[in-house]
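Residue numbers (this note's numbering), protein chains in the order written: chain D, 432 to 608; chain H, 432 to 608; chain E, 17 to 269.
It should be emphasised that the hints constitute simulated quantities derived from the structure, not laboratory data.
Please read all numbers here as calculations on a predicted model, not as lab measurements.
Be careful, since some hints might not be right.
Covered by chain D, according to a simulated footprint, are these stretches of chain E (three or more residues, beta-carbon under 8 Å) [said to hold, decoys possible]:
id : region
1  : 46-55
2  : 129-142
3  : 181-191
Ideal Cβ placement from N, Cα and C applies to all residues, glycine included.
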Amino acid sequence: MTIDELKPIVESLIYVSEEPISVKQLAGLLEGESPADIQTATDQLMEEFNARGGGLELRQLAGGYRITTRPEFSEYVRRYLKSQPSARLSLAALETLAVIAYKQPITIPEILEIRGVTSTSAIKTLLDRRLIVAKGHKQVVGRPMLYGTSKDFLIHFGLNDLSELPNLEDFEDLMSS
Amino acid sequence: MTIDELKPIVESLIYVSEEPISVKQLAGLLEGESPADIQTATDQLMEEFNARGGGLELRQLAGGYRITTRPEFSEYVRRYLKSQPSARLSLAALETLAVIAYKQPITIPEILEIRGVTSTSAIKTLLDRRLIVAKGHKQVVGRPMLYGTSKDFLIHFGLNDLSELPNLEDFEDLMSS
Amino acid sequence: MKQAPTEQPDLIASEFATSDDQYKVKLSMFEGPLDLLLYLIRKEEVSIYDIPIARITEQYLEHLRAMQELDIGVAGEFLVMAATLIHIKTQMLLPRDPDTPEDLVEDPRSELVYQLLEHQKFKGAANVLHQRAMMEAATFTRPTDSDEENPEVAATLFQLFEVFKEVMDRRRAITEIEIARDEMTMAEKIAQIKSMLETSTDISARSLFERAGSRREMVLIFLSILELVKELVVRLTQSQTFGDIVIAKREVA
Numbered sequence: 432m433t434i435d436e437l438k439p440i441v442e443s444l445i446y447v448s449e450e451p452i453s454v455k456q457l458a459g460l461l462e463g464e465s466p467a468d469i470q471t472a473t474d475q476l477m478e479e480f481n482a483r484g485g486g487l488e489l490r491q492l493a494g495g496y497r498i499t500t501r502p503e504f505s506e507y508v509r510r511y512l513k514s515q516p517s518a519r520l521s522l523a524a525l526e527t528l529a530v531i532a533y534k535q536p537i538t539i540p541e542i543l544e545i546r547g548v549t550s551t552s553a554i555k556t557l558l559d560r561r562l563i564v565a566k567g568h569k570q571v572v573g574r575p576m577l578y579g580t581s582k583d584f585l586i587h588f589g590l591n592d593l594s595e596l597p598n599l600e601d602f603e604d605l606m607s608s
Numbered sequence: 432m433t434i435d436e437l438k439p440i441v442e443s444l445i446y447v448s449e450e451p452i453s454v455k456q457l458a459g460l461l462e463g464e465s466p467a468d469i470q471t472a473t474d475q476l477m478e479e480f481n482a483r484g485g486g487l488e489l490r491q492l493a494g495g496y497r498i499t500t501r502p503e504f505s506e507y508v509r510r511y512l513k514s515q516p517s518a519r520l521s522l523a524a525l526e527t528l529a530v531i532a533y534k535q536p537i538t539i540p541e542i543l544e545i546r547g548v549t550s551t552s553a554i555k556t557l558l559d560r561r562l563i564v565a566k567g568h569k570q571v572v573g574r575p576m577l578y579g580t581s582k583d584f585l586i587h588f589g590l591n592d593l594s595e596l597p598n599l600e601d602f603e604d605l606m607s608s
Numbered sequence: 017m018k019q020a021p022t023e024q025p026d027l028i029a030s031e032f033a034t035s036d037d038q039y040k041v042k043l044s045m046f047e048g049p050l051d052l053l054l055y056l057i058r059k060e061e062v063s064i065y066d067i068p069i070a071r072i073t074e075q076y077l078e079h080l081r082a083m084q085e086l087d088i089g090v091a092g093e094f095l096v097m098a099a100t101l102i103h104i105k106t107q108m109l110l111p112r113d114p115d116t117p118e119d120l121v122e123d124p125r126s127e128l129v130y131q132l133l134e135h136q137k138f139k140g141a142a143n144v145l146h147q148r149a150m151m152e153a154a155t156f157t158r159p160t161d162s163d164e165e166n167p168e169v170a171a172t173l174f175q176l177f178e179v180f181k182e183v184m185d186r187r188r189a190i191t192e193i194e195i196a197r198d199e200m201t202m203a204e205k206i207a208q209i210k211s212m213l214e215t216s217t218d219i220s221a222r223s224l225f226e227r228a229g230s231r232r233e234m235v236l237i238f239l240s241i242l243e244l245v246k247e248l249v250v251r252l253t254q255s256q257t258f259g260d261i262v263i264a265k266r267e268v269a
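Chain D extracted, bound-state conformation:
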C-alpha cells in the first residue's frame, strides 16, 4: 500500500480505538505493511488532520494516537454531555504522585522519606484511580511493594511518555527568588 492509501485506514483505526493506538498495534492490524511506512502515514495524517483547524485534534498520547476535541470548545462539550466533574485529586495525592512519577519504581517507606509524611491513603486513592500500579516487590528486607505510574497516568496528564514530564531541576530555584 502507498502512504496515501494507508492514511485513511490509520485514521479510521485511531477513531475506533478506545485507547490511544500505537504504531506497533497498527502494524499488527495492517499485515504486510512496514512499521516505517505506517509511522510515516501517521505523521503525515496528524499534520494534515490538525492543519484543518477543526474542532478535533489528532494527538500523541501514552505512546499512541488519539482524536480528542480541542480544549477551547470544552465549555460547549461539557454543557452537552452534562459531564460530572470527577473527584479532584487532593494536594497530598498530587504530591505523592509527583514523587512516584519521578522516582519510580519506589516503595512506600521511600516516599515517606521524601515527603516527610505517610502517604498510604494518597497511594490508595492513586491505585483506585489507576494512576499508579504495583510493580512487584523490592528485593530488600521485608520485600516492600514497588509502585510506578500507569498508562492512565499518561492519558490523564496528557503525556506521550515519561520523558515529557517537566525537568525536576527546573523547580529548584522556586524559593530563592
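Given the structure of chain D, go ahead and fit chains H and E onto it with the hints provided.
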C-alpha cells in the same frame, strides 16, 4: 458567532455525541445562535469534512449528524474490534482468576469449594482470554484438570513472575492508614 | 480526560488571617512538617541555603503549640521534625574542632536543606501536573460503547488480591457457620442417645456407628458416648474382647 466560528464547535459536539445530534439540539446548546446559521455551519462542515477523503465521514443519520468510519475500511475496523477483547472481566471471572492465581495449580472442584459456586463458565472465559492454562491432571480419583495462570496473565497485570503478586502484607500496608 | 477542572492547589499558604477559625484552616493546610518549614522560611524571608536555625526552630515550635491549642491533631511527623530541629540547633552551638580542615566541616543543616529542596521540587512538579490535568480535562474523546448487560470491572493487581481476600473471607464465614452447626449437632446427638435410652434399656454401639452418615458424625457419636459416660448417665459393657459394646442406662443410685 460567524459561520466559521460555529463549525469547529459543531464538529466537536458531533464527535462526542453518543447518538446522532440534530440541529435543534445544537441550537439548544448554542444559545443566541440562529438555527439557520447552525444549519449552514453544519452543511458547510459536512462538505469540508468529507472533501478531505480521510478515513472518517460526517453523515446525516436518524435526523441528526454523526461521524463514522467509511464503509470501505470496515474490514480493518472489524479486524481491530476482533483483536480487542474487552480488557474487562466479570466479577465471577475475576474471583475465579484471583483464586487460581493465588492457589495454583488448582482443580475445578477445589475452586468450587473455595468460591462456594460453580465457576465453569468463568473458567471458559479465562481460557478463551488466555489468562489461564491447563497444567495437566491431578493424580487423584477422576484425574481432574489442574489450572494455573498463563504468561498473558503476567503481561496483563504487569508482573515479571508470580512472586510479584501482592500479598496480605502489601495490602495491609495500604489499609493501615 | 473527561474530567472537570479542579481547583488550583494553594501550594504556599498565604499570610495568616486573624480569626481563630481561619487560623485553624491555615494551620491544617500544612500537610507535613516540610510544608510548615517551607512556609516559615518564606515568611521570614530567609535563604533556604542559610537557614537561621534558632529563629526558625522557635517559630516552628510556636506553630506546633498553636496547632495543639487549637485542637488540630499534630501528627507524629511534626514532633519528629521538632526533635530534628532542636538537634541541629544544638550542633550549631557546639564549638568546632579546630583541627578539622574548613572544607571537611559539615554543616549540620545540610541534610535538612537537601530534604527541603527535594520537597519543594516535587511540590513544583505537582503543580505542573495539576495544570496539565486541567488542560487534559478540557478535551473529550468519542464515547465508548459500554456493555450494559454485563457490568464489568477492569481489574488492577491490587483488586485481584482484594477479590481473592473477599473470597477467602467469605469462605471462612461459611466454615464458621458449619462449625457452629456441628457443635449443635453434638448437643443434639447426646439428646438423641438419651431419648433412645428412654425407650430401650440398652443400645448397640455398633448399630449407632453404622447409622452414622459421615466420618464426622461417627466422631460425634463417639464423643457423645464419652460425654455420657463422664456424666454418669450410661455405662459401657463389652461381653467379648472384640464384641459389640452395649450402652446401658445407669440406674440412679
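Hints, verified against the model:
Closer than 8 Å: that is the beta-carbon criterion, and the region 46-55 of chain E has 5 residues meeting it against chain D, so the requirement of 3 holds. Counting residues of the region 129-142 of chain E whose beta carbon lies closer than 8 Å to any beta carbon of chain D gives 11, which meets the minimum of three for the stated coverage. Only residues whose beta carbon comes within less than 8 Å of a beta carbon in chain D count, and the region 181-191 of chain E has 0; fewer than three means the coverage is violated.
Of the numbered hints stated above, the single one contradicted by the structure is hint 3.
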